[in-house]
Structure formats: structure tokens, C-alpha cells
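Just so you know, the sequences run in chain order A and B.
Sequential numbering of the first sequence, starting at 0, is according to numbering that gives the first Met the number 0.
Sequential numbering of the second sequence, starting at 0, is according to numbering that gives the first Met the number 0.
Among the hints, a few may not be true.
[As the list claims (entries may be wrong)] Think about it this way: if two alpha-carbon atoms lie no more than 27 Å apart in a straight line, the pair counts; the simulated DSSO-like pairs of lysine-lysine are: (1) B:Lys94 x A:Lys79; (2) B:Lys355 x A:Lys80; (3) A:Lys2 x A:Lys33; (4) B:Lys320 x A:Lys80; (5) A:Lys3 x B:Lys355; (6) B:Lys259 x A:Lys79; (7) B:Lys355 x A:Lys143; (8) B:Lys42 x A:Lys79; (9) B:Lys320 x A:Lys147.
[To be verified] Computed footprint of chain B on chain A; a stretch qualifies when at least three of its residues, placed anywhere within it, have a C-beta under 8 Å from a C-beta of chain B: (10) 5-16; (11) 37-46; (12) 65-79; (13) 89-96; (14) 99-108.
[Said to hold, decoys possible] Stretch by stretch, here's where chain A covers chain B in the computed footprint (C-beta under 8 Å, at least three residues): (15) 45-56; (16) 334-348.
Source of the hints: derived by calculation from the structure; they are not laboratory data.
All residues carry an ideal CB built from backbone N, CA and C; glycine is no exception.
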Amino acid sequence: MAKKLIDFVKKHFGDEVLDSHSRLGNDTVVVERKRLPEIIERLRDDDATQMNMLRAITCVDYLHREPRFEVVYILYSIAKKHMLTVRVVVSEDDCNVPTIEHLYGAAAWMEREVWDMYGVTFEGHPDLRRVLLYEEFEGHPLRKDYAKQASQPRVELLGKERDSVEEFNQYVKGKPSEGSRQA
Amino acid sequence: MAEDIYQPIDQDIHSEPMILQMGPSHPATHGTVRFTLTMEGEKVIKCETEVGYLHRGFEKECEEATWTQVFPYTDRLNYVSPLLNNFGYALAVEKLLGIEVPERCDWIRTIMGELSRLSDHLTCIGAGGLELGAMTAFLYAIEGRELVWDLIEQVTGARLTVSYGRIGGLKDDLTPDFAERWAYTRKRLIEIHETTHKLLTRNRIFLDRMEGTGVITPEMGVSYGYTGVCLRSTGVAYDVRKDHPYFKYGEVDFDVPVGKHGDNMDRYLCRMEEVVQSIRIIDQCLEKMKPGPINTDDPRVALPNKEKVYNTIEGMISHFKIIFEGVQVPAGEVYSYTEGGNGELGFYIVSNGTGKPWKIHVRSPSLIVMGGIHKLFEGGLLADIIPTFDTINMIGGECDK
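Same shape as in the complex, but just chain A (with noise of 0.2 Å):
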């Protein structure tokens, strides 16, 4: 089975497909983030692939490569039980990539993750905001250059309880600090 997913990736999306390989059990196609969105949809949608589960969204920082980063997306077929990764490769000056939100229910979270820790922005998310870490974090932490002991600004204290996740974001977006996103 191993080759034929790239195959079909390749047959279709011939020109987007910058590389592929096969190793140790995990296919993976690297190809051009402008019609990412399309590819995974066709890979969803299209019956002889059906990977209808995104098993996770992920970036690598490598830090003197360029382009920097590498967004990684892994997809999966309950019903066929395959397996593809799917690598887009993004430069630090045009840090995004086009929303995969509107086709897994679980990319919210998972671009909003990946946004968090490496500051990898998405392009039509509705709501890309930080997940893990507070809204007011300056930097990104799973950048290599973000060293590991660095230390956070005090948050200033919230003059009176915010009652909506509305009213929370018109706080920061009042008073945008370095890391967060601006509105």
C-alpha cells in the first residue's frame, strides 16, 4: 500500500508535489501551501482515499534552514486504515498557511495550537487565538530561538472580572502585547 497514496496525490496534484517519500511506515508528500486546502479535501472526499480523520497538526522549527518552518499534517482512513503526512514548508518572513478549519472540526484547535507554540498564522480561521498558553504571552515558545528559561512580562491585573470571551477579546485587543495576535 505504501506507495499509493503518494501516487495518487501525485496523479492529481502533480505540479503542488515539491517531494515525496516513503520510511519507516509513514508516507509523506511535501507540497505547495497555496492548494493545501484542496489536496486534503480531495484526499477526504475522493472514494479511494477517504481519510476522513486528521490525526494532528503539527510544525518543526528548523531554525537556520530555509524556509524555517515545516507545517505537518497527518490524515488517516478509519475505513481503509492508511496513513498520510502531508508537509508544507513555510519561511519565517510569510509565516501562514491556508485554514484546513473548514474541512476537520478537530483543525480549530490544532492550528490554534500550532499558532500558539510556533506563531504560524492561518489564513481564514475564524478564530485563531492562543490555546494552551494566556492571550497576553509575548513570543512563541516552541520557536528554537525562544529560550527556555526566558522570562514572561506581569500580566497586569484585570480591572473588574470579565464576563465573555466577547468582552475578553475587546480587553486585548484594547491593549495588544508583543506575542499576541494583532486584531
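With chain A's structure known, arrange chain B on it following the hints.
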């Protein structure tokens, strides 16, 4: 006259949705989670989940440690079943190294992993009863868990943070009287399982709170990345142990229980059945396993025995290099997955060919479950959140990394 009295009251009835903060330290949200609920009367119409209160930077810490030093950190992911995390991580590194572990090691990993699963499921079932007022069921389940932990303590030396896995093997073999102790524990566990069934499964109060609440459909479960009991309760029989057997799961006979409705009751029943299946697996493993080595003899990974370390220069250098520089894992990346206590536990690891991991990403089932939990709450009553949040079995350490 009467109408005039009631008129102002009618006008004053507050009918706007109400915002309710639940958590972060609500007694029913064991683990620290905050829900911002928009309520219409008793009904939840919108739920915003906020996690991360227990974030300790697992992935960042791992990048500063050697491959072996990561084991204690994995204990603290899902701290109710730390052995499963240990073995899941060990398996991932072994895949990248391309080494095979001895047969006995695989058997022991299967046994100890299932013991951990027993402790995970018993805790979840017991705590679920407790939150709905069934203190007795909780005490029985915790008695069962204590018995399991006694066994784990006997083998690993610790009850909770065991650090029992090693790359290419295990810390220790099973103790000689393990089978005997298991026979005793097994007998008591089956009694406890029966008692729990009697106490809960046909209990009117329990049924009313559990049946038809916190429902997920199979399509939604798959789309939101639900795995483990949460997905199986909807009828999708996806179990990594069955679909992609690792360790010795391919050689033992066990069933994968599935539910029909995807509600709390089905999740509870699936867990109850999995307790029986875990006991079955351990029985078969103990019957089939044979004596032998438990650690690989690959010199890149295995520490030489102490006699060699103290008496030969090669042994000493080898020991020194593995401890100080760490196991040298060839450059590359791999995604390895196992069945954890509450779903698919995956490790995506990247090595740059040195003794320290370049990157470790853990696909923690709890975090992914929390990403879709609003779908289970919305449309239900506020009171339904309590059983739903329990049967989802979110573990803070794993969710918040």
C-alpha cells in the same frame, strides 16, 4: 384586579441569555478547565472552552533532555496511566532507531500497559459515579485501582510516576511472584466489576443522568478527531490495538466493545466492558510469555552490565557515552501511535542525529477531545455537563502538555 398585580412581574422576567462561568476550579471539572457558558434558562446554548491551566511546557522540556530523560516527562502526561505513555514513547524512538525489542519485553509491555488501562478505566468509572452521588461505587472502583497500583508498585517501584519504560526495553523484569499476585488481584477485580454493575448499570438515577446526554454522532466524532472510548461509543470500532497491532496485541484474543448511541451511558458501558477485556489480555499474556532477556543487546542503546562498566574500559566508555550524550538516534522523523487510556496517543518525533530530540509532538487525545466538547454540551442542560465531562475522561496533564 389580579391581572394588574401580575403585569409588572411579567415585564420583569429576565429572558436574555445568561453568561455563566464554570471553572477553572469547579469541583466537577477535575483537572482545571474553564467553560464560559451562554445559558438560556437551564439550557446551554453556547460553550467556550479554555484549557492550558496545567501547561508545563512538555514539548519544550523534551528538547532540552536526552532521549532517555524524556521518560519521566511522559509519566506526567496522562498520570492515571503513565505506563501507556512510557511505552508509546519508547515505541516511537525504537521505530526511528530501527531496533527490535526482545519478545519478553513486548509481553511485559502488553501486560503492564493493560494494567495501566485498568487503572485508567476504573478511576473514570468510579469518579463518574461519585459525581452523580454514588459514593459507594467510587469506593469500590478505587479499591480496584489500589490493587492494580499495588501490582504496578511491586514491579516498577512507584505507584504513579513510574518511568518504567526504556528505549529498547524496560527497567526491570516482572517479579517472580507476579502471576500469583495477579491471580489474587484478578479475582477481586472481577468481584468489583460485578458489584459496580449491580450498583450503577440499572440504577434509576444513574440511568436518567447518563442515557441520552452528551451525545456525539459517528460523523462528528471522526471529524473532531475523537478516538478511544469516546469514538467507539458511537459505533465506530477504531482501536489501534486491533487495527494496527503493536507489542503482542496481534497474538492475543480480545474484543473491541462498541456502543450505539454515543451518549454517556454507552461510554460508561464501553469502559466497563474494556475492563473485562484487559483482564482477558493479561491472562493470555501470562500464559504465553516465556523467560528471556527484556532489553535489546544493541550496543547503541543498551547500557552494558555493571560488571563490564566497573572492570573494562570499553564498558565504562559505552556507559558514559549513553548517559551523558544520550542514545544517538539517526536523523529523520516518524509518527508512531498507540492506544492510550482515552484514545490514540501519538508521538511525532524528529531527530537531527544527536542525543537529544529536535522535536517531540504528542498527539494527546484529551486536548483533541476538548476541542470538540462544546458540541456535546450545546443543546443540553447545565446538569448534563457533569456526567459528560466525566465520561470524556479528560486528564489535565495530558491535555495541557
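Checked hints:
no.: 1; hint: B:Lys94 x A:Lys79; verdict: holds, 23 Å
no.: 2; hint: B:Lys355 x A:Lys80; verdict: violated, 32 Å
no.: 3; hint: A:Lys2 x A:Lys33; verdict: holds, 24 Å
no.: 4; hint: B:Lys320 x A:Lys80; verdict: violated, 40 Å
no.: 5; hint: A:Lys3 x B:Lys355; verdict: violated, 34 Å
no.: 6; hint: B:Lys259 x A:Lys79; verdict: holds, 22 Å
no.: 7; hint: B:Lys355 x A:Lys143; verdict: holds, 14 Å
no.: 8; hint: B:Lys42 x A:Lys79; verdict: violated, 39 Å
no.: 9; hint: B:Lys320 x A:Lys147; verdict: holds, 25 Å
no.: 10; hint: 5-16; verdict: violated (count 0)
no.: 11; hint: 37-46; verdict: violated (count 0)
no.: 12; hint: 65-79; verdict: holds (count 3)
no.: 13; hint: 89-96; verdict: violated (count 0)
no.: 14; hint: 99-108; verdict: holds (count 5)
no.: 15; hint: 45-56; verdict: holds (count 5)
no.: 16; hint: 334-348; verdict: holds (count 5)
Comparing the model with each earlier hint shows violations of hints 2, 4, 5, 8, 10, 11 and 13; every other hint is respected.
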